[in-house]
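Q: Spelled out, the chains give:
4 protein chains.
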Amino acid sequence: MPPYGSLVIIVTPRGKRHLRRVDDNDWHTGDGVLSMAAVAEANYGSEVRTSLGVPFRLQEPTLHDLIKGVKRQTQIIYPKDIAYICMRLGVGNGRTVIEAGSGSGGLTVALSWFSGPEGHVHTYEAREEFHKLARRNLEWAGVGQNVTLYHRDIAEGFTITGADALFLDVRTPWEYLDHVVKAVKPGASLGFLLPTADQVGKLLLGLEQGPFDDPEVCEILLRRWKPIADRLRPEDRMIAHTGFLIFCRHQEGSEDFAARRPMGTRERKQEAARRERLSAAVEEDAS
Amino acid sequence: MPPYGSLVIIVTPRGKRHLRRVDDNDWHTGDGVLSMAAVAEANYGSEVRTSLGVPFRLQEPTLHDLIKGVKRQTQIIYPKDIAYICMRLGVGNGRTVIEAGSGSGGLTVALSWFSGPEGHVHTYEAREEFHKLARRNLEWAGVGQNVTLYHRDIAEGFTITGADALFLDVRTPWEYLDHVVKAVKPGASLGFLLPTADQVGKLLLGLEQGPFDDPEVCEILLRRWKPIADRLRPEDRMIAHTGFLIFCRHQEGSEDFAARRPMGTRERKQEAARRERLSAAVEEDAS
Amino acid sequence: MPPYGSLVIIVTPRGKRHLRRVDDNDWHTGDGVLSMAAVAEANYGSEVRTSLGVPFRLQEPTLHDLIKGVKRQTQIIYPKDIAYICMRLGVGNGRTVIEAGSGSGGLTVALSWFSGPEGHVHTYEAREEFHKLARRNLEWAGVGQNVTLYHRDIAEGFTITGADALFLDVRTPWEYLDHVVKAVKPGASLGFLLPTADQVGKLLLGLEQGPFDDPEVCEILLRRWKPIADRLRPEDRMIAHTGFLIFCRHQEGSEDFAARRPMGTRERKQEAARRERLSAAVEEDAS
Amino acid sequence: MPPYGSLVIIVTPRGKRHLRRVDDNDWHTGDGVLSMAAVAEANYGSEVRTSLGVPFRLQEPTLHDLIKGVKRQTQIIYPKDIAYICMRLGVGNGRTVIEAGSGSGGLTVALSWFSGPEGHVHTYEAREEFHKLARRNLEWAGVGQNVTLYHRDIAEGFTITGADALFLDVRTPWEYLDHVVKAVKPGASLGFLLPTADQVGKLLLGLEQGPFDDPEVCEILLRRWKPIADRLRPEDRMIAHTGFLIFCRHQEGSEDFAARRPMGTRERKQEAARRERLSAAVEEDAS
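Residue numbers (our numbering), protein chains in the order written: chain L, 101 to 387; chain H, 101 to 387; chain V, 101 to 387; chain F, 101 to 387.
There is no bait here: all hints are sound.
To spell it out: a stretch of chain V is covered by chain F in this simulated footprint if at least three of its residues, at any positions, have a beta carbon under 8 Å from a beta carbon of chain F; those stretches are:
1. 109-115
2. 175-185
3. 207-216
4. 343-353
For the record, the hints were derived by calculation from the structure and aren't laboratory data.
All C-beta atoms in this analysis are idealised placements derived from N, C-alpha and C, irrespective of residue type, glycine included.
Only chain L is shown next, with the shape it has when bound in the complex (with noise of 0.2 Å):
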C-alpha cells in the first residue's frame, strides 16, 4: 500500500500513466473524483474506483519511472544510457560519484538510488535554475539523502578529491579535464554523453593528450516490439539517436609502456602522421 506522501503510478483505462502523490488532495478527473484516502488504503497491483466507477490502477512508481517523471528543463538523459553509465562507473553502495552539470537531475536521481546509504553523490551546476531544478526533482523522487548539490562552475575546479568515478554531461568536457584529474582517487572511471562526433573527436584527442586511458565510444540503442503475441513486431518509430557515450580510465602512464604497443607498419606510419598534425594543431592554438 501506498504510504502518505509517497509518489503512486495511476493507470486510467485509456492507457495514461499519471504520478500522483498521495496526500489530502483528491484527484479530479474527467472520469470522477479519485480519493486519495481510498489509494492509501488499497494495494499496487490493484484498482481504484473513482467517484464516477470508473477504474484506476495503482502501481508502485520504480527507479525507471521516477527518471521518466522528473520535471525538464533540459534534455534529460535516457534511462537506457542511465543504466549503462551506472554500471560502466561501478555506481554502488559505499561509493562516491561527481556528476556535472546537474541538469534536471534525472541521472543524479538514478545515482543517488544506486549508490545506497553508504555511498555519495556530489553533483555541480553552473546555472542557477537547473541547480534549483535538479534540488526539487530529488526531493520530488523521495532520493537524495546521499547527494551533495553545488551551484558552481566547474570551470572554476570541483570542491572535492578521491571520488571513485566522475561524469560530465556539459558541451566542452575537454576544458575541465586537468579538473577532472583532481577531483578523482587514481584509476577512477570517467564517463560523458556528447551528441555530435565532432564533440567526440575533441574529447578523444583531449583524453589522448592527459592521465587516461582506455577510451570507449559507444551508442545505446532502445528498440521496442509491439507486445501483441500473434502480430509480434518491431515498432515503427524509434529514438534513433540520444548521443554518444564515452568512458575511460585515470591512468597513469610511461612512455615504455606506450612505445610496446603492438601496432602495424601503417598503423604506425598513421599514428606518426596524426602525432605531428596534432602538435602542430597544439603550437597554433599557443599562438
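Once you've looked at the hints, dock chains H, V and F against the given chain L.
A: Here is chains H, V and F on its own, set in the frame of chain L:
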C-alpha cells in the same frame, strides 16, 4: 591500492586485460614475473614493472568488469541488458528480488551489487552444477552477502513470498506464471529474457491470461565506435542479438477496466478474432 | 531542361519539395505564380522566380523521387527495401518478373524502371481500386511500358509461366506457394515482404515443405544523419520497422541432399523433434 | 539451363556455394568429379550428381551473387549499399553515370547491369592494378558492354561531360568537387561513400561552398535473421558499419534563396558563428 585478497585488473602493453587476485602467488608471464607484493603497494591507475622491466597497468575492477569476468558454463546475460534490467525492476538498497535460473551468476552479481546492504536477492537454479558455479562466481567477485542461492526447480514453486521484483531467464517462463504470482508482492515488477520471437509470443499469451499488465518488449543494441580522434567510425561488426527483454507488472484487474480501453473498430474486430483463436487453442490444450 | 509533360521537382526556399507536371497550368503558390513556360525553359539545377520574385529550385526526379511521390491508398514499400529487393531478385533488362499484389504500384514503378526495354513485369492485384491506382501511378510516373497489370486474385493462380523472379507482398503468402512454383522457371528467385514475426514463421514452414531452398530473412534499417558539417549526429528518430524481407530460390531437391547436410547432435535432435511437431500439425490441419 | 561459358552457382550438401563457369573443365571436388557437360544439360534449380553420386544443386547467379563473387583487392561496397546507391542516383536504361574509383569493380558491375543497353557507365581508376582488376571482373561477370574504363587520376579531371549522375568512392572527395561539376549535366545526382565521420564533415563543408544542394547522410544496416520457422531470432552478429552514404544534387543557387530559408533565432546565431569559423579556416588554408 588494491587490498590483499581483492581482484585487480592488470593491463599489458599488448592491450590484454587480466582479472587477477592479489595474493601470495606472483604472476609468471611471458614478459617476466609480476610481484603481487608490488601490486599491493601500487595505486590503481599506475604501472608496476615485471622482473623484466615491462610495465603493466593496474585498474580497480568495476561491476562491469566483474560481470564480464564471471566463469561461465552457460550463455550469460550481457552487461547492457543487465544494467537495463536492474533499472526496470527497480533493484536497489532495501529491495527484495527473485531470480531464476541462477545460470553462471552474472546477473546475480549485479543484483547483489545494486541491492545494497539492506536488500536481498533470492536466486533459484535447478541444475546443481550451475547452482554451484553461481555460488563460486559470487564468492570470486566478492559480493553475495545479500544473496540466498537455492538448488531447486521452480516448477515446484518458489520458497519465498512478497518479493519486490522477479526476473526469469528460463526457456519456458510461461509455465511458471502461477508460481510467480505467489512469490511477489502485489504490483511487483517482472522481467524476462528470451532468445526467440516464438517464445516471446508464448509468454505474451501467458501474461494476457493472468493477473499482469503493461507488457513491454524490447531489444537493446550496443554499437561500439573505434575511439580514434580523427578517424571516428563505428566498429565493423557488432553483437546483433542477445535476446528479447520483456517487462510487465503484476496487476489485479477488472473486466470493466479492459472493456473501457479505447480501440478502433478494426482493432476491436481483430481482438475478438484473436480471443476466439486463443480460447480454441486453450481448449485444445486441455483436451 | 524538363520536357513538356514531364514531372519536375520544385524546391521552395522553405525546403518543401513538390513533384509537379510541366504543362499549361501555371502553379499558384503563396509565394506568387510560377510560370510553367519558364520552368520548361530552365535547366534542372537552376532557379526560376515566381511573379513575386521568389526563387524556386528545379530538379529532375530520380526513381527514388518517383517512388516517394506515388499516390498511395496502401502501405507502400520503402525505397530502401525496394532497392534491395530488385538486386536480390536480379531484376534487369530482359528479365521477366511477377509481382502480387500491385498495391499502390510503388514497387511496380521500380520493377518497370530496372527491367528495361527488353524486360517485362506482370503485376497482379485482387482489389479493383488498387489495380486502377497502380495503373494510374505508373502512367503518372511515366514508366510502365513494360508492365502488364492483372485485376485478379492470385488464389486462382497466375496467368503466366516461366518468370525469372517473383515477389509477393500479400498477407498470407504461404497459401500461394503452389501457384508460385507453376508461374516461375526452374531455379527462380523469390521474395516476400511480411510485417510480423509470426507471418515469417508461417512462411518459413511453408517453404520448408515445398521445392524451395536458401531461405534468408533480413531487415534493412536506414539511419539518417543531420548533414551539418561540424555538428554531425544521427537524426533523433528513425523508421524502426517496415517489414521483414524473405528471399529464397525455387529448388528441386532430393532426400539425399538434405540427409548429407552437416548437423551437430543437438541440432539433429532438435530437427527431429521439430519435424515431428510439424507433421503432427499438418495432420491436425488435414483432419 | 546454364549456357556454355556462363557462370553457375553450385551448392554442395555442406551448404557451400561456388560460382563456377560452365566450360570444358570438369570440377574435381572432394565429393567426386562434377561433369560440366551434365551441368550444361541440367535445369537451374535441379541437382546434378558427381561421379561419387553426391548431389550438387544448380542455381542461376543473380546480380547479388555476381557482386559478392567479384575478385577483390580492395574493400568492396556491400550489395545493400550498392542497391540503394543505384536507386538514389536514378541509374537506369539510357542513363549515363560516372564512377571513381573503379576499385575492384563491384559497383561497376551493378551500374552496368542497371544501366541497360542504352545507358553508359564511365569508371575512372588511378591505380593500374585496380583498373585491370575491374576490367577482369566485368568480363568475368559477363557484363560491361556499356562500360568505359579509364586508367586516370581524377585529380586531372574527368574526360567526359553531361553525365546524369556521378558516384565517388575515394578518400578525399572534397578535393574533386570542381571536376565533378564539370563532368555532370545541370542538376545531376551525386553520391559518395566515406568510412569515417571526419571525412563526412569535410565533404559537407566542401559541398556547402559549391553549387550543391539537398545533402543527405545516411547509413544502411542489414540485419539477418536465422530462418528457422519456430525459433525465429536475429543472427548473433552483424556487420555494423560499411560506410556513410552521402547524396546531393548539383544546384546553381542564389543568395536570395538561402536568405529566405526559415531558421530559429538560435539556429541563425549558430549559423553566423559557423560561417565565421568557416571563412577563417579557408583564409588560413589560403595563407
